[in-house]
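Going down the list, the protein sequences come from chains S and R.
Positions 0 to 260 (numbering that gives the first Met the number 0) are the ones given, in order, by the first sequence.
Positions 0 to 400 (numbering that gives the first Met the number 0) are the ones given, in order, by the second sequence.
Treat each hint with caution, since some may be false.
What the hints assert, rightly or not - Selected chain S positions facing chain R (in silico; Cβ < 7 Å):
| # | residue |
| --- | --- |
| 1 | D55 |
| 2 | A58 |
| 3 | T62 |
| 4 | N73 |
| 5 | S76 |
| 6 | M79 |
| 7 | N103 |
| 8 | I109 |
| 9 | L149 |
| 10 | S151 |
| 11 | T153 |
| 12 | K155 |
| 13 | G177 |
| 14 | G180 |
Unchecked claim - Distance windows between CB atoms, simulated:
| # | chain 1 | residue 1 | chain 2 | residue 2 | range |
| --- | --- | --- | --- | --- | --- |
| 15 | S | T167 | R | E255 | 48 to 58 Å |
| 16 | S | S240 | R | I219 | 28 to 38 Å |
| 17 | S | E117 | R | E370 | 58 to 68 Å |
| 18 | R | T270 | S | K72 | 15 to 25 Å |
| 19 | S | N143 | R | E255 | 24 to 34 Å |
| 20 | R | D302 | S | N133 | 29 to 39 Å |
| 21 | R | E11 | S | E117 | 28 to 38 Å |
| 22 | R | D72 | S | K72 | 52 to 62 Å |
| 23 | R | I395 | S | K72 | 23 to 33 Å |
Since the hints were made in silico from the structure, they are not lab data.
Please read all numbers here as calculations on a predicted model, not as lab measurements.
C-beta: ideal position from N, C-alpha, C; glycine also.
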Amino acid sequence: MNRLTSKLQNLKENNKKALVAYLVAGDPDLDTTLDLMHLFVDSGVDVIEIGVPFTDPIAEGPTIQKAHDRALKNNISLKMILELVDKFRETNTETPLVLMGYLNTFISHIDLVQSIGENSADSILVVDVPGELNLQTYGITNPNINTISLISPTTKDDRVESIAKNSTGFIYYVTLRGVTGSSNLNIEEIKNNIQKIQQYSDAPTMAGFGIKSVEDASTLAACSDGIVIGSSIVEMIADESKTKEFGRIGKYLREMKTAIS
Amino acid sequence: MTFSNSNFPDKEGFYGEYGGKFVPETLMYALEELENTYNKLKDNKDFIDEFYKDLSHFVGRPSPLYFAQRLTDYYKSGSIWLKREDLNHTGAHKINNTVGQILLAKYMGKKRIIAETGAGQHGVATATVAARLGLECHIYMGAEDVRRQSLNVYRIKLLGAHVHPVDSGSATLKDALNEALRDWVTNVDDTYYIIGSVTGPHPYPMIVRDFNSVVGKEVIEQSKDLFGKMPDAVVACVGGGSNAMGIFHPFIDIKETRLIGVEAGGEGVSTGDHAAPLNDGTPGVLHGARSYLMQDESGQVKDTKSVSAGLDYPGVGPEHSWLKDIGRAEYVAVSDDDALKAFHEVTELEGIMPALETAHAFAYLEPLMKELDSSANVVVNVSGRGDKDINTVAEIDGIEF
């Protein structure tokens, strides 16, 4: 079974919520990214989302955009990211890894995506492909990879079902109208919408976009199968990119883990 | 009167293998709402009447098809006709589309208008129609373009709109589009995004094309009146490609007319420093659509180079990609130097100062008129006037005010 699917099943059976954490590959450099991935796991992260940098990341707010730009200054490519994943797998074969990015970088390397083996990345999340479109249309048919689709507050009911069907990994519920790192969560709306998704699908539903505080985390975890944290971590990575002392990130993640437990 | 004579795009928004809707999920609903509204209104008599009334009385249409006597004499062959979009209100073809889209915004009850702009012409056109309807308006513009098009920035501000300079990426048109899309993702409930070219996710390339097709339709009628047949060639510059698509589209089934799009060759296509994806790009996905794109082998979008801010864009409208592949339109490129030379020539010979974008179309007359029969009628789409470029041209010529 796919590493991501079995991990999320396992958490659910044990009545636990998933902590999903995001970073951008190559920000500030690939060696540091590898260290950070291990730090994430040591701090209680269940699933790591690896941002694949793109020149024009239209769904990202300023914090993650800048991280993409920094990574691109290091000429980070999908090939290098898969090599990073291989290195990570040398010592960690447990933690599911999701590649999150934009269609153009994946279809430019379709051969690489198709060659991903069992002991590599586990899932792909393409931000700019509508959820009812299957990634198979774009040549992504690798059975080792499952897919994650986004559902947002503006998704109409008739589309929720078809999107949910195309999500083999988990469903990513975008908790706000806005780009990554925005604020102003509408908790009631989120609760209602996640309930609606769960009527249509058995796939786990993660809540993400705009989660910053432990309060957000615990409220949203209560109505979902887990939470995704991105911008707040990426900001801390940027702050400490010179000193590379990331103790603050470990502490933050542990607090988040406690908040959703 | 109806807007379109083509079966494309298909219902998913594709022109052959180009186009589509590649956007974050939050925008899918807004695109669907826009598509439904447009499909309902495009055959509605009241809507069409209101659109054409605004084009007559607010824009000043039809624009003339003008015989360029001295330019014709200069090339010693054929007849050169100028479609005078530069005479439109606000000085370019951009107003045709904004007049149409602001009507859609009005019918949809949207209170807030956003747009991206490169050369500033679309920003001016959008701020103009927003002012006319008293709607809040925000224009995103690359910081580099804010610098080189300062006159238009001031015009936009005078019209009561807010200008947001965009510093990310290459700080030009593509980054302004990214930022406008981000604004739309955030404020999707009350905001209408007026895209300024035949780019972006479906239904935008279709809507912008349809509103701007008034240009080509007029040329067909004017050609009959003025020289009794269809032109042998229609020449237009292509950045995103809205002026070219507007004049090309009604001609798609008129096979005797060659359609020639002129891209920005920058330092020269062979140098790689240009903005000519149809000449030197490969298919990729940017800003919601699949189309020819300037990208590296990793799928990253390349920086572009052009003296003309309005053509300085790494992508192109999906229908142009399709017209290229099926061979219905030809796409060439001319360099910055040749465009600047044409800018001066046309200004001196005809008393018409073209925009630097338009100057690219004029520059292609040099090889084209040699190639064509001496009886050929050639129409150049004068997509905009050049007042906005005076600072750029003066700087290149080493003149300080």
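Against the structure, the hints come out as follows:
For D55 (chain S), the shortest C-beta to C-beta distance to chain R is roughly 5 Å, which falls under 7 Å, so the interface hint holds. With its C-beta approaching chain R no nearer than about 4 Å, A58 (chain S) sits inside the 7 Å limit, and its interface hint holds. Annotation: interface hint on T62 (chain S) violated; nearest CB of chain R at approximately 12 Å, more than 7 Å. Given the 7 Å rule on beta carbons, the hint for N73 (chain S) is violated: about 12 Å separates it from the nearest Cβ of chain R.
Proximity of S76 (chain S) to chain R holds as hinted, the smallest CB-CB distance being about 4 Å (cut-off 7 Å). For M79 (chain S), the interface hint is violated, the least distance from its beta-carbon to any beta-carbon of chain R being 9 Å, above 7 Å. Hint status for N103 (chain S) relative to chain R: holds, with the closest Cβ pair at about 4 Å, below 7 Å. Contact between I109 (chain S) and chain R, as hinted, is not supported at the beta carbon level, the nearest pair being about 10 Å apart and thus beyond 7 Å.
Because the closest C-beta pair between L149 (chain S) and chain R is about 4 Å apart, less than 7 Å, the hint holds. With its C-beta approaching chain R no nearer than about 4 Å, S151 (chain S) sits inside the 7 Å limit, and its interface hint holds. Given the 7 Å rule on beta carbons, the hint for T153 (chain S) holds: about 4 Å separates it from the nearest Cβ of chain R. Because the beta carbon of K155 (chain S) sits about 6 Å from the nearest beta carbon in chain R, less than 7 Å, this interface hint is met.
Interface restraint check: G177 (chain S) against chain R, minimum CB-CB distance 4 Å, threshold 7 Å, status holds. The criterion of a C-beta within 7 Å of any C-beta in chain R is not met by G180 (chain S), whose closest approach is roughly 11 Å, and the hint is violated. As the Cβ distance of T167 (chain S) to E255 (chain R) is approximately 53 Å, the hint placing it in 48 to 58 Å holds. A beta carbon spacing of about 60 Å between S240 (chain S) and I219 (chain R) contradicts the range 28 to 38 Å that was offered as a hint.
Checked against the given bound of 58 to 68 Å, the beta carbons of E117 (chain S) and E370 (chain R), roughly 59 Å apart, stay inside it. In this structure the supplied range 15 to 25 Å holds for T270 (chain R) paired with K72 (chain S), their Cβ-Cβ distance being about 23 Å. Distance hint check for N143 (chain S) and E255 (chain R): the Cβ-Cβ separation is about 55 Å, which falls outside the suggested range of 24 to 34 Å. At roughly 33 Å, the beta-carbon separation of D302 (chain R) and N133 (chain S) lies within the given 29 to 39 Å, and the hint holds.
Take E11 (chain R) and E117 (chain S): their Cβ atoms lie about 34 Å apart, and the range 28 to 38 Å holds. Roughly 54 Å separates the CB atoms of D72 (chain R) and K72 (chain S), a value that falls within the hinted 52 to 62 Å. Taking the beta carbon of each, I395 (chain R) and K72 (chain S) are about 31 Å apart, inside 23 to 33 Å as hinted.
Comparing the model with each numbered hint stated earlier shows that hints 3, 4, 6, 8, 14, 16, 19 do not hold.
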